[in-house]
Amino acid sequence: MRIGITCYPSHGGSGVVATELGKLMAERGHQVHFISYDMPFRLGRFYHNVHYHEVEANRYAVFRFPPYDLALANRMAQVAKMHDLDVLHVHYAVPHAVCAYLAKQMVGDSLKVVTTLHGTDITVLGEDPSLKDIICFGINKSDAVTAVSDDLIRQTQELFCVDRKLNRIYNFVDPRVYQPIDVSDIRSQYAGPDEKLLLHISNFRAVKRTDDVIRIFATVTSQLPSRLLLVGEGPEWSHSLELAKELGLEERITFLGKQDEVARLISLADLLLLPSAKESFGLVALEAMACGVPTVGSNAGGLPEVVEHGETGYLSEIGDVEAMADYAVRLLSNPELYRRFSEQGIQRARVQFSAEKIADQYEELYRQVIDQ
1 MRIGITCYPS HGGSGVVATE LGKLMAERGH QVHFISYDMP FRLGRFYHNV HYHEVEANRY
61 AVFRFPPYDL ALANRMAQVA KMHDLDVLHV HYAVPHAVCA YLAKQMVGDS LKVVTTLHGT
121 DITVLGEDPS LKDIICFGIN KSDAVTAVSD DLIRQTQELF CVDRKLNRIY NFVDPRVYQP
181 IDVSDIRSQY AGPDEKLLLH ISNFRAVKRT DDVIRIFATV TSQLPSRLLL VGEGPEWSHS
241 LELAKELGLE ERITFLGKQD EVARLISLAD LLLLPSAKES FGLVALEAMA CGVPTVGSNA
301 GGLPEVVEHG ETGYLSEIGD VEAMADYAVR LLSNPELYRR FSEQGIQRAR VQFSAEKIAD
361 QYEELYRQVI DQ
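Taking UniProt numbering, the leading residue of the sequence shown gets 1, the next gets one more, and so forth.
It is possible that some hints are incorrect.
Think about it this way: if two alpha-carbon atoms lie no more than 25 Å apart in a straight line, the pair counts; the simulated BS3-like pairs of lysine-lysine are [to be verified]:
| # | residue 1 | residue 2 |
| --- | --- | --- |
| 1 | Lys132 | Lys278 |
| 2 | Lys258 | Lys278 |
| 3 | Lys258 | Lys245 |
| 4 | Lys278 | Lys165 |
| 5 | Lys23 | Lys81 |
| 6 | Lys258 | Lys23 |
| 7 | Lys141 | Lys165 |
| 8 | Lys165 | Lys132 |
| 9 | Lys81 | Lys141 |
Derived by calculation from the structure, the hints in this document are not laboratory data.
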């Protein structure tokens, strides 16, 4: 098959999943064409059967804002015609699904559109009245639509006038990359031999509740010698730094900023903290699970579909910092319980969320829409 993929190329779960899926499809012999305004950050080197096509928006002075949406649709149509694409797989409803539908009108019905909903395109943008109708249009005009969790399907159906089937296809993890890694040579840079190392990775938006991360850690470190790694940047970064200083924890917390390759960072940690207000899936929890690192987080969105409470991690109600801290201490102070959670997490990631299993599901979906 000849597959076009459009995603946001910057850091974020949707871009990671889209890029890794494209690489898997290329390994299976399919021709994969990424179409976006920049090279996806996970495509840092040459991959056989993978091509990149840049989108450049016209900056004509009359335009108050460069018309990226029209430029993207035009570029999609150009690539589809030039390389005889079978399907455009777009990640995020807006603007990508709408642009793909416009490209299909330019190329013809032989070009099929698959849209994957990742979360904020529904849970955040879907609450904006100025975008709601066009998101609904993009979903309904796609040839197939997938969502990354059952919870996201439920929210989509509640928020939108969706009159078509939504296919649940989970995000995935590649066990060749995400697996327990021996990082003893660098762990000593962040924690002493008798200290536990906690981890949080996010874009530091308010929905990630990074204040809760720091308050959970404050309770844990008062009971167990421990340190915290914070990975990522975003609007709440400065506030998190101020809270760490206010609680006298700045010497025990390391802010690492954005990091492209997080598998080794995850393997450094003993525990992942993810107390988000919303998580349509929780890709970082899956990545941690695959590395043998349990998650303590919130019972939010699709996260309970990833983390099995009491089996591979612990989940509490959103904002219940005390319960999450108690769960963290329980896990970190009980080696046998920790070992069981770690092993069960690795097994669950490899079976339920394996890259090959999810790639099979997408491959079958592509064939179905092409044969329509």
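Structure-based check of each hint:
A distance of roughly 19 Å separates the Cα atoms of lysine 132 and lysine 278; the hinted pair therefore holds under the 25 Å criterion. For the given pair, lysine 258 sits about 21 Å from lysine 278 by alpha-carbon distance, which is consistent with the 25 Å threshold. The hinted pair formed by lysine 258 and lysine 245 meets the criterion: a straight-line CA distance of about 21 Å does not exceed 25 Å. With a C-alpha separation of about 24 Å, the suggested pairing of lysine 278 with lysine 165 holds against the 25 Å cut-off.
Distance check on the hinted pair: lysine 23 and lysine 81 sit about 22 Å apart at the alpha-carbon level, within 25 Å; holds. Restraint check for lysine 258 and lysine 23: satisfied, since their Cα atoms lie roughly 23 Å apart, inside the 25 Å limit. With a CA separation close to 12 Å, the supplied pair lysine 141 and lysine 165 stays within the 25 Å bound. About 19 Å separates the Cα atoms of lysine 165 and lysine 132, which keeps this hinted pair within 25 Å; it holds.
Distance check on the hinted pair: lysine 81 and lysine 141 sit about 20 Å apart at the alpha-carbon level, within 25 Å; holds.
Consistency note: the structure conflicts with none of the earlier hints.
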